[in-house]
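Protein sequences, first through last, are from chains A and B. Residue 9 in this note's numbering sits at position 9 of the first sequence, and the numbers go up by one each step. To convert, take the position in the second sequence, counting from 1, and add 144; that gives this note's numbering.
What the hints contain is simulated information worked out from the structure, not anything from laboratory work. Even for Gly, the Cβ is constructed at its ideal location relative to N, Cα and C. Just so you know, not all the hints are guaranteed correct.
[Unchecked claim] From chain A, some residues computed to sit far from chain B (all C-beta separations above 12 Å):
no., residue
1, Ala98
2, Pro102
3, Gln143
[Claimed, not checked] Derived coverage of chain B by chain A (criterion: at least 3 residues anywhere in the stretch with Cβ under 8 Å from a Cβ of chain A; other residues may be distant):
no., region
4, 150-159
5, 168-174
6, 198-210
7, 213-224
8, 238-246
9, 260-268
[Said to hold, decoys possible] Sample of chain B residues facing chain A (criterion: CB under 10 Å; computed from the structure):
no., residue
10, Gly177
11, Thr179
12, Val181
13, Leu182
14, Pro188
15, Asn190
16, Phe235
17, Gly275
18, Tyr279
19, Ile281
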Amino acid sequence: MRHIAAYISGLIFGVGISISGMANPAKVLNFFDVFGTWDPSLIFVMGGALVTTFIGYRVVLRRPAPALSDTFKLPTRRELDLPLLGGAATFGVGWGIAGFCPGGALPALGTGRPEVITFAAALIAGILVAKVLQRYVIPKAAQA
Amino acid sequence: METVFTPWQSLGGGMLIGAASILLMATLGRIMGATGVLAGLFSPANASDFGWRALVLLGMVSGPVVVWTVTGQMPQVQVPVSSTMLVIGGFIVGIGVTFGSGCTSGHGVCGMARLSPRSIAATLTFMLTTGLTVYVIRHVLGG
């Protein structure tokens, strides 16, 4: 059951991304290009996703536990620190260069397009390098 | 490259993204964040943790195939940038989302829907730097 729920959730997400235009870098970049070939479609993606999730979470998170697991795994941190804001700022630069974000690119892999595979490989490389930095390099530098 | 304004399709797609986020939370109690699901695959807590992540990703990749089966057309993927920019951009995105603990789906949708101050701050930050980057590339450097 857990496996089916996971797969169906991913599938609905993938269909939503595909229909919305988030898997299309030309559309994503045009959303940010207000002074050029502006395409405001992504406001509707973000708005539709946000309002739906806001309402749904209110209902779901009122329950004591999820249907197929022991607890809701929710982030609890509240502080605005340098890794969060620096990381978010860095992500934006990469998104503006390539036009793909992870949520757009992963479903787009299903189209089999080589550009998506190129982006996804670089994305995974970046994640792994950052994980190594987080685990080994930064703690050591902080100790020294 | 001009693209067509698609308010209804984009709204419908967005609502499906929301539905998927609600379903994953209602069943497994997890945040539907592309970064979190993917990054956790490389350091899973145990076999079951690996399993659900792999299946969510498999579901995501099946999305375009389902759209193609139903409509007869693959979703449009128009890439107006070079391979070099895809590689550089992809690597920078990977670094950023790992340190920033999330991306458009995790912070922008799920975190914002929970009114998490970290997610609101992260989303405002990356929307701003993405906009600035696109402006600089297209209107300052003239790419």
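- Item | Violating hint indices (sorted, rising) | Those not satisfied are hints 1, 2, 14 and 15.
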